[in-house]
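Enquirer: Listed here are the chains, written in short residue letters.
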Amino acid sequence: MSLPTKKLIGGLAFALALAASAFAEVKVGQPFPNLADYGLEGTLPAREGQVVLVDFWATWCGPCKASFPAYSELQKELSGRGFVLLAVSVDKTSGPYQEFVKHFSPAFSTARDGAQKLVGDVKVPAMPTSYLIDRKGVLRSVHSGFHGAETVRALREEIIRLLEEKS
Amino acid sequence: MKRKLALLVMLGGLAALFSGCTTVQPWERATLADYTMRPDRDPLHNTMFEHIYFSREASSGGRGVGGSGCGCN
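Protein chains in written order, with our numbering: chain A, 1 to 167; chain B, 1 to 73.
Careful: at least some of the hints might be erroneous.
[To be verified] Which bits of chain A does chain B cover? Going by a derived footprint, with three or more residues having C-beta under 8 Å, they are:
1) 75-85
2) 89-103
[To be verified] For each label pair, taking beta carbons as the anchor points, the in silico distance ranges come out as:
3) A/Lys136 - B/Met1: 52 to 62 Å
4) A/His103 - B/Asp34: 17 to 27 Å
5) A/Glu99 - B/Leu32: 19 to 29 Å
6) B/Phe49 - A/Leu163: 15 to 25 Å
7) A/Ala66 - B/Leu7: 49 to 59 Å
[What the hints assert, rightly or not] Computed footprint of chain B on chain A; a stretch qualifies when at least three of its residues, placed anywhere within it, have a C-beta under 8 Å from a C-beta of chain B:
8) 29-39
9) 124-137
Keep in mind the hints are simulated off the structure, nothing from the lab. No experiment lies behind these values; they were computed from the predicted model shown. Beta carbons: idealized from backbone N, C-alpha and C, even for Gly.
Using the sequences and the hints, build the whole thing.
Expert: Take a look at the structure:
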């Protein structure tokens, strides 16, 4: 094989690898990205050894508004058992985020991914989407959208199952 | 021959990669979800449009539901 052909094939392989990496996403069974690496606005809760639900939301998303009171109830119910909920806003500006949090006063922690780096790495399929992470930091399930009581029931069952697992 | 084929494949791949088409990701839809993006934000315009529509089409109703472009859920 001549050198130019090798270069062409090498270039093509690189371009394909680049394209594949652009479509990479966090999958069930893989470790969830370390949230501390993304410079999120807000205080991150202690997550070591906890079952964590990371919920991606936005102030402009209707179902996200509906999810906040329900998730607050979930956090209140299960916080004593080692469950932490962190709601990560994907809003680019801080103002609407601050107003939203002030209005809903959630019982869980919130943070803002203003650079949309974390959400871009995770590649959420819809808004909102929540990621359930076990005590070892491994992603166990993904819930796309918020469908009221149905979503809360499914999440609650899975969270309790993970809380009962031996770490 | 092989070289030409490799060149063609590479050009095809690059064309596919760097074409002008792009997908607006779910987390990038803030602008689409804005109130000003709603087709039904002006009630007067909406009523007039409906009137013209059903007069022209000899039908009324069945226009679907309102909403913005957040694509949530």
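Enquirer: I want to verify a distance hint. Is the separation of the beta carbons of A/Lys136 and B/Met1 within 52 to 62 Å?
Expert: Holds, since A/Lys136 and B/Met1 (Cβ atoms, about 54 Å apart) stay within the stated range.
Enquirer: Between A/Ala66 and B/Leu7, does the C-beta distance stay in 49 to 59 Å?
Expert: holds, 54 Å
Enquirer: State whether the coverage of the stretch 124-137 of chain A by chain B holds or is violated, taking the criterion as 3 or more residues with Cβ-Cβ distances under 8 Å.
Expert: Satisfied; 6 residues make the cut.
Enquirer: Using C-beta distances, would you say chain B covers the stretch 75-85 of chain A, given that this needs three or more residues below 8 Å?
Expert: Since 0 is below three, the answer is violated.
Enquirer: The stretch 89-103 of chain A covered by chain B? Criterion: 3 or more residues, Cβ-Cβ distance below 8 Å.
Expert: Per the Cβ count (3), the hint holds.
Enquirer: Taking 19 to 29 Å as the stated bounds, is the beta-carbon spacing between A/Glu99 and B/Leu32 within them?
Expert: Holds, at about 20 Å.
Enquirer: For the range 15 to 25 Å, tell me whether the beta carbons of B/Phe49 and A/Leu163 fit it or not.
Expert: violated, 54 Å
Enquirer: Is it true that A/His103 and B/Asp34 lie within 17 to 27 Å of each other by Cβ?
Expert: holds, 19 Å
Enquirer: Taking beta carbons only, do three or more residues of the stretch 29-39 of chain A come closer than 8 Å to chain B?
Expert: With 0 residues close enough to chain B, the hint is violated.
When the structure is compared with the earlier hints, violations turn up for hints 1, 6, 8 and for no others.
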